[in-house]
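Could you build all of it, start to finish, from the sequences and the hints given here?
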Amino acid sequence: MANKMDEFKQKIMGFIHKQPPKIPSMGFDDSNYHFPQMPTLSINSKTAQDSDRPADQDILESIEAAYFSMNPDFDICRFELAKLPETLECDQIQRDFKNLKQQHSVVSKKVLQLILEHQSACNNEFKTIQDILQEVKATLDQCKESRKQLAICGKQFSSSLGILANYRKRKLAQRLLGNLNMIKNLHSFDKRCQELLHDEDYAGAITELKRCQKIAIKYRHFSCVAALTYKLQETLENTDTQFDRILAQMCYHFDGERYFKLQAAYDLLEKSHVAMIDNIHVHYITAIYNSSFNIVNSYVSSGDVLDSGDNTGKNPYKTLCQAVPQDYFISCLVQLCKVLFKIVLSYHQLIRWYNNQEEGTSQNCLGVELNMSKQKLDHNVVKIWDDVQRKVSSLLLNADLAAYKFDQFVQVLRVVHRLIQVGEEFCSSKSEDLSESIRKQSICYFKNYHAQRLDELKIFMENEMWEICPVKPTFNVVQLQEFRSVRSALKNYKNPSQISPTMPVYSTNSADCSSCHSQDGSSITGNYFIRYADHGTPFDTGLDDTVIDEDILAVDNEGSGYFSDDSEEESEELRKDFVDEDNIEANAANIPEGKHSHHKNAPILTNTTLSVLRQMGKYLQMSRLLKPISYQVISCMNELFDFYLYCVHLFFAYDLTVSSSNLYTETLSTTLRKISDNLIFEPSSQGTELSFPEGRVHKPCISLMVDLKTPENLHGLSERIVAVESLIFLSKQYEFLQEYLEYLVPQTNRIMLQQFFTQSISSCSDLRRPVYMAVVAQAFDLRQILISMSKINWEVKEVMSQHNAYIDMILREVQIFRLRLEDVAHKVSISLEVYKLLWENIAHIVTHTLVQGFSDAKKCSNGGRALMQLDFTQFLSKFEKISSLRPVPHKEYVENYVKAFYLPEIELEKWIREHKEYSSKHLFGLVSCACQNNKKSRQRLLQVIEESERSPLSR
Numbered sequence: 001m002a003n004k005m006d007e008f009k010q011k012i013m014g015f016i017h018k019q020p021p022k023i024p025s026m027g028f029d030d031s032n033y034h035f036p037q038m039p040t041l042s043i044n045s046k047t048a049q050d051s052d053r054p055a056d057q058d059i060l061e062s063i064e065a066a067y068f069s070m071n072p073d074f075d076i077c078r079f080e081l082a083k084l085p086e087t088l089e090c091d092q093i094q095r096d097f098k099n100l101k102q103q104h105s106v107v108s109k110k111v112l113q114l115i116l117e118h119q120s121a122c123n124n125e126f127k128t129i130q131d132i133l134q135e136v137k138a139t140l141d142q143c144k145e146s147r148k149q150l151a152i153c154g155k156q157f158s159s160s161l162g163i164l165a166n167y168r169k170r171k172l173a174q175r176l177l178g179n180l181n182m183i184k185n186l187h188s189f190d191k192r193c194q195e196l197l198h199d200e201d202y203a204g205a206i207t208e209l210k211r212c213q214k215i216a217i218k219y220r221h222f223s224c225v226a227a228l229t230y231k232l233q234e235t236l237e238n239t240d241t242q243f244d245r246i247l248a249q250m251c252y253h254f255d256g257e258r259y260f261k262l263q264a265a266y267d268l269l270e271k272s273h274v275a276m277i278d279n280i281h282v283h284y285i286t287a288i289y290n291s292s293f294n295i296v297n298s299y300v301s302s303g304d305v306l307d308s309g310d311n312t313g314k315n316p317y318k319t320l321c322q323a324v325p326q327d328y329f330i331s332c333l334v335q336l337c338k339v340l341f342k343i344v345l346s347y348h349q350l351i352r353w354y355n356n357q358e359e360g361t362s363q364n365c366l367g368v369e370l371n372m373s374k375q376k377l378d379h380n381v382v383k384i385w386d387d388v389q390r391k392v393s394s395l396l397l398n399a400d401l402a403a404y405k406f407d408q409f410v411q412v413l414r415v416v417h418r419l420i421q422v423g424e425e426f427c428s429s430k431s432e433d434l435s436e437s438i439r440k441q442s443i444c445y446f447k448n449y450h451a452q453r454l455d456e457l458k459i460f461m462e463n464e465m466w467e468i469c470p471v472k473p474t475f476n477v478v479q480l481q482e483f484r485s486v487r488s489a490l491k492n493y494k495n496p497s498q499i500s501p502t503m504p505v506y507s508t509n510s511a512d513c514s515s516c517h518s519q520d521g522s523s524i525t526g527n528y529f530i531r532y533a534d535h536g537t538p539f540d541t542g543l544d545d546t547v548i549d550e551d552i553l554a555v556d557n558e559g560s561g562y563f564s565d566d567s568e569e570e571s572e573e574l575r576k577d578f579v580d581e582d583n584i585e586a587n588a589a590n591i592p593e594g595k596h597s598h599h600k601n602a603p604i605l606t607n608t609t610l611s612v613l614r615q616m617g618k619y620l621q622m623s624r625l626l627k628p629i630s631y632q633v634i635s636c637m638n639e640l641f642d643f644y645l646y647c648v649h650l651f652f653a654y655d656l657t658v659s660s661s662n663l664y665t666e667t668l669s670t671t672l673r674k675i676s677d678n679l680i681f682e683p684s685s686q687g688t689e690l691s692f693p694e695g696r697v698h699k700p701c702i703s704l705m706v707d708l709k710t711p712e713n714l715h716g717l718s719e720r721i722v723a724v725e726s727l728i729f730l731s732k733q734y735e736f737l738q739e740y741l742e743y744l745v746p747q748t749n750r751i752m753l754q755q756f757f758t759q760s761i762s763s764c765s766d767l768r769r770p771v772y773m774a775v776v777a778q779a780f781d782l783r784q785i786l787i788s789m790s791k792i793n794w795e796v797k798e799v800m801s802q803h804n805a806y807i808d809m810i811l812r813e814v815q816i817f818r819l820r821l822e823d824v825a826h827k828v829s830i831s832l833e834v835y836k837l838l839w840e841n842i843a844h845i846v847t848h849t850l851v852q853g854f855s856d857a858k859k860c861s862n863g864g865r866a867l868m869q870l871d872f873t874q875f876l877s878k879f880e881k882i883s884s885l886r887p888v889p890h891k892e893y894v895e896n897y898v899k900a901f902y903l904p905e906i907e908l909e910k911w912i913r914e915h916k917e918y919s920s921k922h923l924f925g926l927v928s929c930a931c932q933n934n935k936k937s938r939q940r941l942l943q944v945i946e947e948s949e950r951s952p953l954s955r
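Numbering-wise (UniProt numbering), the sequence shown opens with residue 1 and increments by one.
Worth flagging that the hints you see were computed from the coordinates, not collected in a lab.
Remember, it's a predicted structure, so these values are computed and weren't measured experimentally.
Just so you know, even glycine gets a beta-carbon here, dropped at the ideal spot from N, CA and C.
Heads up, a few of these hints could be off.
[Stated by the list, open to error] Cut-off 20 Å, straight-line C-alpha distance, at most; resulting in silico cross-link-like pairs (PhoX-like, lysine-lysine):
no. : residue 1 : residue 2
1   : K827      : K709
2   : K137      : K127
3   : K921      : K859
4   : K858      : K921
5   : K921      : K910
6   : K836      : K791
7   : K899      : K910
8   : K627      : K440
9   : K491      : K732
10  : K891      : K916
11  : K440      : K430
12  : K627      : K430
13  : K836      : K881
14  : K878      : K891
15  : K732      : K858
16  : K910      : K935
17  : K440      : K318
18  : K338      : K383
19  : K472      : K827
20  : K797      : K859
21  : K899      : K916
22  : K137      : K148
23  : K699      : K458
24  : K891      : K836
25  : K910      : K936
26  : K791      : K709
27  : K109      : K98
28  : K797      : K858
29  : K110      : K98
30  : K83       : K101
31  : K732      : K472
32  : K935      : K916
[To be verified] If you anchor each label on the Cβ, the simulated ranges turn out as follows:
no. : residue 1 : residue 2 : range
33  : Q174      : R258      : 39 to 45 Å
34  : H535      : F757      : 44 to 50 Å
35  : N601      : P887      : 16 to 22 Å
36  : K859      : K916      : 23 to 29 Å
37  : F681      : I787      : 50 to 56 Å
38  : I132      : Q94       : 51 to 57 Å
39  : V796      : E946      : 29 to 35 Å
Here you go:
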């Protein structure tokens with residue numbers, strides 16, 4: 001290419017420097033042919049100015065593609081000449097030439113640069129080729145030497161072939177002898193295989209079987225071995241069936257060592273662990289169905305089973321459940337739970353076995369397979385438990401439990417609750433099917449049960465004689481048999497230091513076992529799969545093993561022990577009367593010494609109270625075992641207290657003869673009104689028969705045997721004290737259980753439960769005032785006192801030194817009341833609080849009676865006002881000695897009223913506006929006496945009283 005470029009260059013240069021021919025002179029001057037000289041273009045690339053020279057990369061990119069042609073016939077000179085135009089221009093040719101020179105220079109420079117860059121790699125490649133040539137040469141020499149040596153060996157050992165032939169014959173004879181011995185061993189395989197299976201060496205039996213199969217295939221050309229091949233295949237199939245039978249036995253009693261041998265045998269059979277898990281899952285499902293069917297079927301006689309419509313004679317499981325006799329239902333349920341627990345226990349032990357295997361296995365292929373098997377087991381555990389739930393739920397839903405006694409129904413609840421606990425420990429399942437089935441049964445049962453208990457309580461209240469039931473001073477609700485299932489639970493919710501001495505926490509003679517009592521009342525809870533891993537079930541005779549003798553009744557003077565609690569009837573267990581010969585010392589409130597029928601520190605309660613407490617224990621048992629309806633159960637239990645509260649008020653406050661506006665608190669009034677509206681059914685007074693609403697109780701009537709009319713016994717004060725104080729004792733038991741009740745009910749219902757305690761429970765102590773006021777109001781002849789006061793002339797001029805006779809009348813009645821109160825104290829112990837309230841009620845009614853009598857005065861002088869103060873002072877001095885009340889309550893009520901007579905007109909108006917505790921009648925009498933000489937002022941003050949009475953803030 002360079003030669004052609006040089007040749008082309010020479011041609012162009014010769015063409016450029018060729019001299020033009022001379023033109024002969026034509027008579028023209030040379031100046032006529034003078035043209036401006038054109039600039040000379042240099043054809044030497046070195047003379048080109050660098051400033052005009054483009055970049056190398058631009059020059060390379062400007063080279064035409066034809067210069068890179070690989071065609072050997074390509075003529076570059078002709079290519080350039082072909083581009084010349086018909087009319088040649090020297091300048092254009094020089095520019096093209098300059099361009100070609102620049103391209104040539106850049107290409108040369110680029111080629112040189114590439115050669116320098118790849119020179120080292122080229123040298124290394126040449127060196128590698130030389131090394132390969134040396135190795136090839138050495139290999140060739142070694143092959144030549146080997147061929148030479150083989151030729152020598154062929155010549156030297158040709159004589160030894162005879163020896164090799166004889167050796168071959170010997171080996172053939174030995175092989176024949178070995179074959180004969182192998183055939184002999186094959187014929188004795190069956191005996192060896194049975195021995196291995198009997199010794200539970202399953203892996204050894206499979207190994208022996210496979211070894212014999214390989215041998216039989218190897219020697220199948222022998223006719224005797226060919227027949228043995230079929231027998232080996234049949235033995236292998238029988239072995240697989242036997243393994244399935246052993247797996248089925250594992251569903252009832254899991255043996256880890258035996259299962260490990262089975263797993264090794266399955267590995268030899270080239271079956272994966274996951275396939276083995278699927279197989280054993282089918283066995284568990286089958287075991288659950290067959291066991292359930294057989295258990296239920298064993299309690300059903302053939303004549304009781306309904307015709308299912310099939311010809312096989314097998315009835316569906318549901319039909320069998322419907323045919324279980326009611327007398328045998330609990331036994332059937334317990335037995336079914338026992339068998340199903342054994343199956344669940346076996347599955348749980350299987351999972352634990354895999355967990356132990358996983359912990360001892362490294363992360364290799366075997367560890368991965370164990371992990372997959374464990375995941376499969378964990379996935380199937382819920383299916384296993386759901387199948388167990390369905391079997392028990394079907395039995396529950398097809399049973400009629402309405403006629404069961406409470407203890408029987410609670411036993412069913414305990415069994416189901418224990419099974420739910422097993423499910424929670426087994427797979428953290430909430431056992432929705434079981435919970436829903438027992439919830440449906442419980443709602444139906446409890447609805448009827450509660451209605452019966454309300455009717456029963458009504459009968460108790462109507463026949464109650466309101467006498468004290470003699471119990472020990474340390475009696476507490478948890479000492480009752482019905483509370484045995486909550487004793488340990490209450491220890492977790494009551495701090496002994498916070499419980500009053502009258503409410504001791506129950507404690508057993510054994511060590512503290514508060515952490516080992518279950519929700520259903522037994523002394524076992526949790527860890528069922530550890531407790532019963534070897535033998536027994538949670539459904540054995542330990543469902544209620546905390547039964548102890550009930551010791552709540554006070555002993556008699558002969559130390560004959562306590563009364564038994566063999567029956568549930570209160571009248572039967574309390575038939576004996578208690579007589580205490582110990583003298584009760586008079587207390588600070590002047591309660592006289594006497595012989596009481598029960599200990600002074602013993603709580604006051606009646607047979608009906610004890611009955612309600614027992615029912616509370618039963619309701620708590622159900623609420624503990626039936627969390628979904630626990631609030632409904634506890635609400636019904638609270639209705640028992642509401643009905644008790646309503647009856648005490650109805651029986652002992654109906655004969656209240658004075659105004660009750662200041663005797664009832666707002667909470668008590670609201671509570672009584674709510675109970676009457678929601679719980680009590682009262683037939684229409686018009687004689688119209690209304691349908692009896694559900695959940696209501698007929699209005700009760702007090703027993704005719706209860707005497708509330710005789711003044712000598714203070715109108716039944718002892719019965720009233722027993723009634724009210726037993727109600728208060730009952731409320732304290734509710735307060736004792738409050739924290740635990742709040743724990744049992746759902747969070748959303750706790751506000752309503754707290755409302756019960758803030759209304760019904762807290763207001764029962766407020767019932768003392770109206771009930772005891774009914775006694776006090778009847779013990780005093782208020783009408784006669786007012787008549788005596790109306791005869792007194794208050795318009796005296798001088799203050800008398802002697803008080804009026806009506807004060808003596810009042811004090812005489814107070815003394816009579818005290819004497820009669822002493823007689824009552826011989827029958828029932830009167831607490832200081834009750835004693836104080838009785839005297840406060842007397843002070844209340846006497847002071848209000850005095851104000852009423854003072855207000856009846858038509859005219860009153862300053863001497864009359866002084867006489868009023870004298871009378872009241874005389875009453876206070878005597879009354880304080882008799883009642884031991886200091887200060888006397890409501891004293892200011894009388895004193896302020898008497899002092900108001902001395903107020904001037906302006907101050908009296910202010911006093912009237914401020915003192916709303918007096919009635920308008922009292923104020924009218926005050927104004928009439930104070931302004932008896934000023935008619936205008938009297939009219940104005942009376943108008944103020946009327947306006948105050950019409951005001952919403954007036955009392």
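Hints and how they fare:
| no. | hint | verdict |
| --- | --- | --- |
| 1 | K827 - K709 | 18 Å, holds |
| 2 | K137 - K127 | 16 Å, holds |
| 3 | K921 - K859 | 15 Å, holds |
| 4 | K858 - K921 | 12 Å, holds |
| 5 | K921 - K910 | 18 Å, holds |
| 6 | K836 - K791 | 33 Å, violated |
| 7 | K899 - K910 | 14 Å, holds |
| 8 | K627 - K440 | 13 Å, holds |
| 9 | K491 - K732 | 17 Å, holds |
| 10 | K891 - K916 | 16 Å, holds |
| 11 | K440 - K430 | 16 Å, holds |
| 12 | K627 - K430 | 12 Å, holds |
| 13 | K836 - K881 | 14 Å, holds |
| 14 | K878 - K891 | 13 Å, holds |
| 15 | K732 - K858 | 51 Å, violated |
| 16 | K910 - K935 | 19 Å, holds |
| 17 | K440 - K318 | 17 Å, holds |
| 18 | K338 - K383 | 19 Å, holds |
| 19 | K472 - K827 | 17 Å, holds |
| 20 | K797 - K859 | 12 Å, holds |
| 21 | K899 - K916 | 16 Å, holds |
| 22 | K137 - K148 | 17 Å, holds |
| 23 | K699 - K458 | 8 Å, holds |
| 24 | K891 - K836 | 16 Å, holds |
| 25 | K910 - K936 | 17 Å, holds |
| 26 | K791 - K709 | 30 Å, violated |
| 27 | K109 - K98 | 17 Å, holds |
| 28 | K797 - K858 | 16 Å, holds |
| 29 | K110 - K98 | 18 Å, holds |
| 30 | K83 - K101 | 17 Å, holds |
| 31 | K732 - K472 | 17 Å, holds |
| 32 | K935 - K916 | 24 Å, violated |
| 33 | Q174 - R258: 39 to 45 Å | 43 Å, holds |
| 34 | H535 - F757: 44 to 50 Å | 47 Å, holds |
| 35 | N601 - P887: 16 to 22 Å | 29 Å, violated |
| 36 | K859 - K916: 23 to 29 Å | 26 Å, holds |
| 37 | F681 - I787: 50 to 56 Å | 43 Å, violated |
| 38 | I132 - Q94: 51 to 57 Å | 55 Å, holds |
| 39 | V796 - E946: 29 to 35 Å | 31 Å, holds |
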